[in-house]
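**Student:** So for the sequence shown, this note's numbering puts the first residue at 762; every next one is plus one.
Please keep in mind that the hints were generated in silico from the structure rather than gathered at the bench. Treat the hints with caution; some may be incorrect.
Here are the computed lysine to any residue pairs in the SDA-like style, where the Cα-Cα straight-line distance is at most 25 Å [unchecked claim]:
no., residue 1, residue 2
1, 877, 847
2, 857, 829
3, 835, 810
4, 860, 870
5, 770, 896
6, 933, 832
7, 933, 863
8, 770, 922
9, 944, 843
10, 857, 843
11, 832, 875
12, 860, 798
13, 860, 780
14, 876, 833
15, 770, 788
16, 798, 829
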Amino acid sequence: MLNEIDMRKSLRNTMRTARESLSSEMVSEYSSRIVTKLCSFSEIVQSENIMCFLSIGNEIDLRPLVNQLQKDGKQVLLPRVAGKGIMSAVIYEHDKTRKGPFGITEPEGEAFDPKKIDVVILPGLVYDYQGYRLGYGGGYYDRFLTLLRPGAFICGVCYDFQIVETVFPHAKDVAVDWIVTEKSELVVNWAHF
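Please model the entire structure based on the sequences and the hints provided.
**Tutor:** Rendered as structure tokens:
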């Protein structure tokens with residue numbers, strides 16, 4: 762019988778394989794559906810400081826959202842690795858980026874105060890119906906999310922097949938408020954609504 766650590770590892774491997782099997786056309790279509798939904802959320806429309814991510818592999822492609830938010834005058838932030846298991850948010854400017862330790866495009870510049878962030882949109886390999894997520898296992902987002910001000914809106918994005926009954930969360934895991942897929946929206950924390 763698998764223990765929780767092995768089950769989490771198995772979930773990560775299964776979802777990574779399933780996600781990487783998607784065609785580029787599917788990634789583009791599903792990402793477009795998700796971005797369209799995100800652009801209509803009042804929590805995003807009414808916010809000023811929004812943290813997103815730039816995709817790697819077949820993650821949800823949020824570049825169209827990032828471009829729209831910047832066009833709308835929003836402050837867009839991206840994660841940057843600041844040490845082992847530690848990340849910061851930095852204002853994103855297209856011409857001021859570099860490749861980070863994991864090959865992910867990261868912004869240059871000074872770290873932004875996490876208490877001033879209104880919305881965080883984050884990726885995940887697996888989400889569950891309680892809003893908990895599994896990423897790549899470094900705990901970067903879980904540590905970062907604890908630095909946000911109370912009431913900051915946390916939104917996870919993934920493909921519909923990446924939602925499971927449970928990810929066997931640990932005590933330090935932080936749940937998202939809302940999960941958006943190409944097919945559905947799952948409200949996890951009604952306190953925002």
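**Student:** With reference to the structure, classify each hint as holding or not holding.
**Tutor:** Hint check:
1. For the given pair, residue 877 sits about 18 Å from residue 847 by alpha-carbon distance, which is consistent with the 25 Å threshold.
2. Taking the CA atoms of residue 857 and residue 829, the gap is about 18 Å. The hint holds against a cut of 25 Å.
3. Of the supplied pair hints, the one linking residue 835 and residue 810 holds, its CA atoms being roughly 6 Å apart against a limit of 25 Å.
4. The hinted pair formed by residue 860 and residue 870 meets the criterion: a straight-line CA distance of about 14 Å does not exceed 25 Å.
5. A C-alpha spacing of about 10 Å is found between residue 770 and residue 896, which places the hinted pair at or below 25 Å, so the restraint holds.
6. Straight-line distance between C-alpha atoms of residue 933 and residue 832 comes to about 36 Å, which puts the hinted pair past the 25 Å bound.
7. Restraint check: the Cα-Cα separation between residue 933 and residue 863 comes to about 23 Å, which is no more than 25 Å; the hinted pair holds.
8. Restraint check for residue 770 and residue 922: the C-alpha separation of about 17 Å stays at or below 25 Å, so the hint holds.
9. For the suggested pair residue 944 and residue 843, the alpha carbons sit about 35 Å apart, so the restraint of at most 25 Å is broken.
10. Annotation: proposed proximity of residue 857 to residue 843 holds, straight-line Cα distance about 17 Å (limit 25 Å).
11. Of the supplied pair hints, the one linking residue 832 and residue 875 holds, its CA atoms being roughly 22 Å apart against a limit of 25 Å.
12. Restraint check: the Cα-Cα separation between residue 860 and residue 798 comes to about 29 Å, which exceeds 25 Å; the hinted pair is violated.
13. Under the criterion of a C-alpha separation no larger than 25 Å, the hint pairing residue 860 with residue 780 is consistent with the structure, at around 23 Å.
14. Restraint check: the Cα-Cα separation between residue 876 and residue 833 comes to about 22 Å, which is no more than 25 Å; the hinted pair holds.
15. Our distance criterion of 25 Å between C-alpha atoms is met by residue 770 and residue 788, whose separation comes to about 24 Å.
16. Pair hint residue 798 plus residue 829 holds up; C-alpha atoms about 13 Å apart against a cutoff of 25 Å.
Hint violations for this structure: numbers 6, 9, 12, all remaining hints satisfied.
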